[in-house]
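Position chain B against the provided structure of chain A, taking the given hints into account.
Just so you know, the protein sequences line up as chains A and B, in that order.
Position one of the first sequence corresponds to residue 1 (the working numbering), numbered consecutively onward.
Position one of the second sequence corresponds to residue 209 (the working numbering), numbered consecutively onward.
Simulated from the structure, these hints should not be mistaken for lab results.
One should not assume that every hint holds.
[As the list claims (entries may be wrong)] Think about it this way: if two alpha-carbon atoms lie no more than 30 angstroms apart in a straight line, the pair counts; the simulated DSBU-like pairs of lysine-lysine are: (1) Lys15(A) to Lys2(A); (2) Lys6(A) to Lys85(A); (3) Lys355(B) to Lys440(B); (4) Lys19(A) to Lys269(B); (5) Lys227(B) to Lys6(A); (6) Lys440(B) to Lys367(B); (7) Lys241(B) to Lys15(A); (8) Lys19(A) to Lys241(B); (9) Lys258(B) to Lys367(B); (10) Lys6(A) to Lys89(A); (11) Lys269(B) to Lys367(B); (12) Lys2(A) to Lys19(A); (13) Lys6(A) to Lys402(B); (14) Lys6(A) to Lys258(B); (15) Lys142(A) to Lys152(A); (16) Lys258(B) to Lys440(B); (17) Lys269(B) to Lys15(A); (18) Lys395(B) to Lys227(B); (19) Lys2(A) to Lys440(B); (20) Lys89(A) to Lys142(A); (21) Lys241(B) to Lys395(B); (22) Lys230(B) to Lys395(B); (23) Lys402(B) to Lys227(B); (24) Lys355(B) to Lys258(B); (25) Lys355(B) to Lys395(B); (26) Lys379(B) to Lys2(A); (27) Lys152(A) to Lys85(A); (28) Lys15(A) to Lys258(B); (29) Lys89(A) to Lys152(A); (30) Lys355(B) to Lys367(B); (31) Lys440(B) to Lys6(A); (32) Lys19(A) to Lys6(A); (33) Lys2(A) to Lys258(B); (34) Lys2(A) to Lys395(B); (35) Lys241(B) to Lys367(B); (36) Lys19(A) to Lys85(A); (37) Lys379(B) to Lys355(B); (38) Lys258(B) to Lys402(B); (39) Lys19(A) to Lys258(B).
None of the values given here were measured: they were computed from a predicted structure.
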Amino acid sequence: MKQMVKLAALTSFEKIINKLLAYDPLTRDQLANIQDAIICIEVENPDFVFWVHFTEQQIRLISEWHDPVDATIRGSLSSFLALAKEQDKNQVLMRTRMEVAGNTQLLTQVQQLAAQLDIDWEAAIADITGDVPGHLLASAIKQGFGFANEIKRSLDHSWGNYWQHETDTLLHANEYQQTATNISQLRFEADRLEARINRLIRHSEAQS
Amino acid sequence: MTNQETIDFGYQQIPVADKENKVAEVFHSVASKYDLMNDIMSMGIHRLWKRFTVELSGVRKGQKVLDIAGGTGDLTAIFSQLVGRQGEVVLADINASMLSVGRDRLIDRGHADNIQFVQANAEALPFPDDYFDCITIAFGLRNVTHKNNALESMLRVLKPGGRLLVLEFSKPQYDWLSRVYDQYSFKALPAIGKAVTNDAESYRYLAESIRMHPNQETLAGMMTDAGFAQVKFHNMTGGIVALHRGIKP
Numbered sequence: 001m002k003q004m005v006k007l008a009a010l011t012s013f014e015k016i017i018n019k020l021l022a023y024d025p026l027t028r029d030q031l032a033n034i035q036d037a038i039i040c041i042e043v044e045n046p047d048f049v050f051w052v053h054f055t056e057q058q059i060r061l062i063s064e065w066h067d068p069v070d071a072t073i074r075g076s077l078s079s080f081l082a083l084a085k086e087q088d089k090n091q092v093l094m095r096t097r098m099e100v101a102g103n104t105q106l107l108t109q110v111q112q113l114a115a116q117l118d119i120d121w122e123a124a125i126a127d128i129t130g131d132v133p134g135h136l137l138a139s140a141i142k143q144g145f146g147f148a149n150e151i152k153r154s155l156d157h158s159w160g161n162y163w164q165h166e167t168d169t170l171l172h173a174n175e176y177q178q179t180a181t182n183i184s185q186l187r188f189e190a191d192r193l194e195a196r197i198n199r200l201i202r203h204s205e206a207q208s
Numbered sequence: 209m210t211n212q213e214t215i216d217f218g219y220q221q222i223p224v225a226d227k228e229n230k231v232a233e234v235f236h237s238v239a240s241k242y243d244l245m246n247d248i249m250s251m252g253i254h255r256l257w258k259r260f261t262v263e264l265s266g267v268r269k270g271q272k273v274l275d276i277a278g279g280t281g282d283l284t285a286i287f288s289q290l291v292g293r294q295g296e297v298v299l300a301d302i303n304a305s306m307l308s309v310g311r312d313r314l315i316d317r318g319h320a321d322n323i324q325f326v327q328a329n330a331e332a333l334p335f336p337d338d339y340f341d342c343i344t345i346a347f348g349l350r351n352v353t354h355k356n357n358a359l360e361s362m363l364r365v366l367k368p369g370g371r372l373l374v375l376e377f378s379k380p381q382y383d384w385l386s387r388v389y390d391q392y393s394f395k396a397l398p399a400i401g402k403a404v405t406n407d408a409e410s411y412r413y414l415a416e417s418i419r420m421h422p423n424q425e426t427l428a429g430m431m432t433d434a435g436f437a438q439v440k441f442h443n444m445t446g447g448i449v450a451l452h453r454g455i456k457p
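With the rest of the complex left out, here is chain A (with noise of 0.2 angstroms):
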């Protein structure tokens, strides 16, 4: 039953993704570049894997799959979460510690397709309600995003000026990066030093 139940939520999660990618063709074209090639994820807490199947023109989701992979990637929930989320998906493998095995290249295009996907959202909703209506949702749903966006960089901002000049709690980014910059300078060259006193010592040792 539980498989019946994976093979249900896939089978709807893969409609949504295929429907969604009629609604940007240019992305959907390029998935012939990657075409029949596997991946396998492997989620844990919980746990749970499928695989994705790129076909020429859609997207695959295997709940079950017997025989070789391209790829697979393994981690938690939320470094999954995370590596939906955020721009810079290598920091973030770094970071969660997410195992990635086989045909990295292959990892890198599809990335590449999630950076560049663009779905016509107007188009999508002037499909369910016809074009005017659709039009003006998805005029008012911009508008809607473009003022909440506002806000949250004036928030942004107005939080920063606080934090960082009034209570003179947080550096600003430039100053942190100069210092970041300057820790992993200091940190290169200890590493060096360390190596040349390790090389000294074994030469002195030799020679004794």
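For chain B alone, kept in the frame of chain A given last:
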């Protein structure tokens, strides 16, 4: 085998020679409303059973697939997309009415360029040896007169390493489910069949033929005896349906 020998047709015993025609009559009768009845009888779950079959088939681009008793072409349509233009899918059915409905439906939906339609008996498949990468038979094996001959014929046309997938009604794994399923099969199904296709008898045969079909372990043994290796089965929906998979060594 003499003409006096009998075989099951649902709960009836009929002369072996008559079974093919009797089964053909059933499917001629229900062909036009076959898909609708499948959706009603299984409450749409047959789509998930078939989807799981496709998953376990492991079919990839460029492969050759034979869909025996393919009926209205549900599996063929999916395989056609998976194998692409370099691949080939053969939709085979012994029943001309079912094949005709399947062919029209697939062509109407734009699946045609890599599909062949063949009227064929599963017991004597008209294909070369070692030809297909995968063979499926979904809800068809229980209607075949000589199942062992059919399994041997499938083994012959499969490539070494090729897979046979048999999707078929089987034995429920829980007593309570068996009781509910019996009530549903023998009372509700013929009534639904009467209402939708004006044919209660065909659906009474369906319920009886399911009970006469070998259970999971027996069918796995038959596949092994026919020469398949690594035979395994997966129960679905509590064993109401089972998917058997075997590999040609």
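Hint by hint, here is what the structure shows:
Proposed proximity of Lys15(A) and Lys2(A) is supported: the alpha carbons are some 20 angstroms apart, at most 30 angstroms. Between Lys6(A) and Lys85(A), the direct Cα distance comes to roughly 24 angstroms. Compliance with the 30 angstroms bound is thereby established for this hinted pair. At most 30 angstroms may separate the alpha-carbon atoms for a hinted pair to count; Lys355(B) and Lys440(B) meet this at roughly 18 angstroms. Using a Cα cut-off of 30 angstroms, the hinted pair Lys19(A) and Lys269(B) holds, with the two alpha carbons roughly 22 angstroms apart.
Straight-line distance between C-alpha atoms of Lys227(B) and Lys6(A) comes to about 39 angstroms, which puts the hinted pair past the 30 angstroms bound. Using a Cα cut-off of 30 angstroms, the hinted pair Lys440(B) and Lys367(B) holds, with the two alpha carbons roughly 19 angstroms apart. A hinted pair counts as satisfied when its Cα atoms are at most 30 angstroms apart, and Lys241(B) with Lys15(A) qualifies at roughly 26 angstroms. For the hint linking Lys19(A) to Lys241(B), the alpha-carbon distance of about 28 angstroms falls within 30 angstroms, and the restraint holds.
Between the alpha carbons of Lys258(B) and Lys367(B) the distance comes to roughly 23 angstroms, so the proposed pair stays at or under 30 angstroms and holds. Between the alpha carbons of Lys6(A) and Lys89(A) the distance comes to roughly 27 angstroms, so the proposed pair stays at or under 30 angstroms and holds. A distance of roughly 16 angstroms separates the Cα atoms of Lys269(B) and Lys367(B); the hinted pair therefore holds under the 30 angstroms criterion. Taken as a hint, the Lys2(A) and Lys19(A) pair is honoured in the structure, with Cα atoms around 26 angstroms apart against an allowance of 30 angstroms.
The straight-line distance between the Cα atoms of Lys6(A) and Lys402(B) is roughly 34 angstroms, outside the 30 angstroms bound, and the hint therefore fails. Annotation: proposed proximity of Lys6(A) to Lys258(B) holds, straight-line Cα distance about 14 angstroms (limit 30 angstroms). Under the criterion of a C-alpha separation no larger than 30 angstroms, the hint pairing Lys142(A) with Lys152(A) is consistent with the structure, at around 15 angstroms. The hinted pair formed by Lys258(B) and Lys440(B) meets the criterion: a straight-line CA distance of about 17 angstroms does not exceed 30 angstroms.
Restraint check for Lys269(B) and Lys15(A): the C-alpha separation of about 21 angstroms stays at or below 30 angstroms, so the hint holds. Pair hint Lys395(B) plus Lys227(B) holds up; C-alpha atoms about 24 angstroms apart against a cutoff of 30 angstroms. Proximity of Lys2(A) to Lys440(B) is assessed by CA-CA distance (about 19 angstroms); at most 30 angstroms being required, the pair is judged to hold. At most 30 angstroms may separate the alpha-carbon atoms for a hinted pair to count; Lys89(A) and Lys142(A) meet this at roughly 26 angstroms.
Only pairs whose Cα atoms come within 30 angstroms are accepted, and Lys241(B) paired with Lys395(B) is accepted, the gap being roughly 20 angstroms. In summary, the hint linking Lys230(B) to Lys395(B) is supported, as the alpha carbons are separated by about 22 angstroms, within the 30 angstroms threshold. Distance hint between Lys402(B) and Lys227(B) is fulfilled; the C-alpha atoms sit about 23 angstroms from each other, no more than 30 angstroms. Straight-line distance between C-alpha atoms of Lys355(B) and Lys258(B) comes to about 21 angstroms, which keeps the hinted pair within the 30 angstroms bound.
Distance hint between Lys355(B) and Lys395(B) is fulfilled; the C-alpha atoms sit about 28 angstroms from each other, no more than 30 angstroms. For the hint linking Lys379(B) to Lys2(A), the alpha-carbon distance of about 18 angstroms falls within 30 angstroms, and the restraint holds. Restraint check for Lys152(A) and Lys85(A): satisfied, since their Cα atoms lie roughly 17 angstroms apart, inside the 30 angstroms limit. Taking the CA atoms of Lys15(A) and Lys258(B), the gap is about 16 angstroms. The hint holds against a cut of 30 angstroms.
Restraint check: the Cα-Cα separation between Lys89(A) and Lys152(A) comes to about 23 angstroms, which is no more than 30 angstroms; the hinted pair holds. Of the supplied pair hints, the one linking Lys355(B) and Lys367(B) holds, its CA atoms being roughly 20 angstroms apart against a limit of 30 angstroms. Our distance criterion of 30 angstroms between C-alpha atoms is met by Lys440(B) and Lys6(A), whose separation comes to about 20 angstroms. Distance check on the hinted pair: Lys19(A) and Lys6(A) sit about 20 angstroms apart at the alpha-carbon level, within 30 angstroms; holds.
For the suggested pair Lys2(A) and Lys258(B), the alpha carbons sit about 16 angstroms apart, so the restraint of at most 30 angstroms is met. Between the alpha carbons of Lys2(A) and Lys395(B) the distance comes to roughly 28 angstroms, so the proposed pair stays at or under 30 angstroms and holds. With a C-alpha separation of about 35 angstroms, the suggested pairing of Lys241(B) with Lys367(B) is violated against the 30 angstroms cut-off. For the suggested pair Lys19(A) and Lys85(A), the alpha carbons sit about 21 angstroms apart, so the restraint of at most 30 angstroms is met.
At most 30 angstroms may separate the alpha-carbon atoms for a hinted pair to count; Lys379(B) and Lys355(B) meet this at roughly 18 angstroms. Taken as a hint, the Lys258(B) and Lys402(B) pair is honoured in the structure, with Cα atoms around 26 angstroms apart against an allowance of 30 angstroms. A C-alpha spacing of about 21 angstroms is found between Lys19(A) and Lys258(B), which places the hinted pair at or below 30 angstroms, so the restraint holds.
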